[in-house]
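> I would like the entire structure built from these sequences, with the hints used as guidance.
Counting along the sequence shown from 1, when you hit position 116 you're at 116 in UniProt numbering, and nothing is skipped either side.
Honestly, the hints are just simulated from the structure, not real lab data.
One or more hints might be untrue.
[As the list claims (entries may be wrong)] Okay, derived cross-link-like pairs now, DSS-like style, lysine-lysine, Cα gap no bigger than 30 Å in a straight line:
hint: 1; residue 1: 77; residue 2: 66
hint: 2; residue 1: 91; residue 2: 101
hint: 3; residue 1: 91; residue 2: 76
hint: 4; residue 1: 105; residue 2: 82
hint: 5; residue 1: 66; residue 2: 91
hint: 6; residue 1: 66; residue 2: 76
hint: 7; residue 1: 102; residue 2: 91
hint: 8; residue 1: 105; residue 2: 91
hint: 9; residue 1: 101; residue 2: 77
hint: 10; residue 1: 105; residue 2: 76
hint: 11; residue 1: 102; residue 2: 83
hint: 12; residue 1: 66; residue 2: 82
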Amino acid sequence: MSYLFLAFLGSALISLLFFNRQRPRKWRRVLIIIIALIGLGGSLMPVAAANSKKTSQHQVDVRENKAARANSSALKKQLATKKTEASQLTKQVASQSRLVKKQQKASESERVRAASASIAATSQASEAAQQQAAIQASQQAQQAASAQQVEQMVTIAPNSGKKYHLDPNCRGLSRANSTTTMPLSQAQAEGYTLCGWED
Numbered sequence: 001m002s003y004l005f006l007a008f009l010g011s012a013l014i015s016l017l018f019f020n021r022q023r024p025r026k027w028r029r030v031l032i033i034i035i036a037l038i039g040l041g042g043s044l045m046p047v048a049a050a051n052s053k054k055t056s057q058h059q060v061d062v063r064e065n066k067a068a069r070a071n072s073s074a075l076k077k078q079l080a081t082k083k084t085e086a087s088q089l090t091k092q093v094a095s096q097s098r099l100v101k102k103q104q105k106a107s108e109s110e111r112v113r114a115a116s117a118s119i120a121a122t123s124q125a126s127e128a129a130q131q132q133a134a135i136q137a138s139q140q141a142q143q144a145a146s147a148q149q150v151e152q153m154v155t156i157a158p159n160s161g162k163k164y165h166l167d168p169n170c171r172g173l174s175r176a177n178s179t180t181t182m183p184l185s186q187a188q189a190e191g192y193t194l195c196g197w198e199d
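And the structure:
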């Protein structure tokens with residue numbers, strides 16, 4: 001029971017006692033009937049409200065079901081059209097992939113031909129380069145032979161180590177007390193090595 005109903009019941013009992021003392025029985029009966037109607041009317045109202053809610057909910061459910069059926073049939077139609085479009089697209093993709101594969105095979109054979117032609121061209125170029133390198137090597141060998149005839153002179157410091165110097169003003173000779181010049185072949189034969197400053 002709600003607090004409102006209890007408060008109403010309490011006030012009704014108090015008013016009954018009041019009317020019982022001062023008014024005749026007729027008013028008591030009227031008051032009891034009014035209290036009963038008010039008490040029962042409040043309890044009957046929620047039932048009627050619940051019934052009206054149920055019927056309105058049922059009507060809403062019926063409308064929603066109809067709308068859902070219409071919606072589902074439209075969605076089924078859309079799904080069918082999308083499936084046909086998808087199958088058409090897959091067929092188009094398959095045909096395009098076949099064309100691409102054919103083009104790739106054709107371009108691959110062209111690449112092989114171009115690669116073989118470029119290999120042949122590079123082999124000819126490398127042979128020509130080898131011949132030219134051989135000619136240059138023979139020319140350099142002739143120049144070296146003629147340069148060896150003119151012996152290069154080096155500077156050594158006999159008292160300060162086993163290094164020879166191509167430049168008489170080398171930094172390695174700055175501490176030497178005495179220096180001597182001799183041919184490079186002789187310095188190498190005596191065990192002298194090139195100075196670290198001239199590497």
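> Look at each hint and say if it fits the structure.
Consistency of the hints with the structure:
1. Note on residue 77 and residue 66: the hinted pairing holds, with a Cα-Cα distance of about 17 Å set against a maximum of 30 Å.
2. About 15 Å separates the Cα atoms of residue 91 and residue 101, which keeps this hinted pair within 30 Å; it holds.
3. Straight-line distance between C-alpha atoms of residue 91 and residue 76 comes to about 23 Å, which keeps the hinted pair within the 30 Å bound.
4. Pair hint residue 105 plus residue 82 does not hold up; C-alpha atoms about 34 Å apart against a cutoff of 30 Å.
5. Distance restraint check for residue 66 and residue 91: the Cα-Cα separation of roughly 38 Å exceeds the 30 Å cut-off, and the hinted pair is therefore not satisfied.
6. Using a Cα cut-off of 30 Å, the hinted pair residue 66 and residue 76 holds, with the two alpha carbons roughly 15 Å apart.
7. For the hint linking residue 102 to residue 91, the alpha-carbon distance of about 17 Å falls within 30 Å, and the restraint holds.
8. A C-alpha spacing of about 21 Å is found between residue 105 and residue 91, which places the hinted pair at or below 30 Å, so the restraint holds.
9. Distance hint between residue 101 and residue 77 is unfulfilled; the C-alpha atoms sit about 36 Å from each other, more than 30 Å.
10. Taking the CA atoms of residue 105 and residue 76, the gap is near 43 Å; set against the 30 Å cutoff, the hint is violated.
11. Of the pairs offered as hints, the one joining residue 102 and residue 83 holds, with about 29 Å between alpha carbons and a cut-off of 30 Å not exceeded.
12. Of the pairs offered as hints, the one joining residue 66 and residue 82 holds, with about 24 Å between alpha carbons and a cut-off of 30 Å not exceeded.
Hint check: violations occur at hints 4, 5, 9 and 10; the rest are consistent with the structure.
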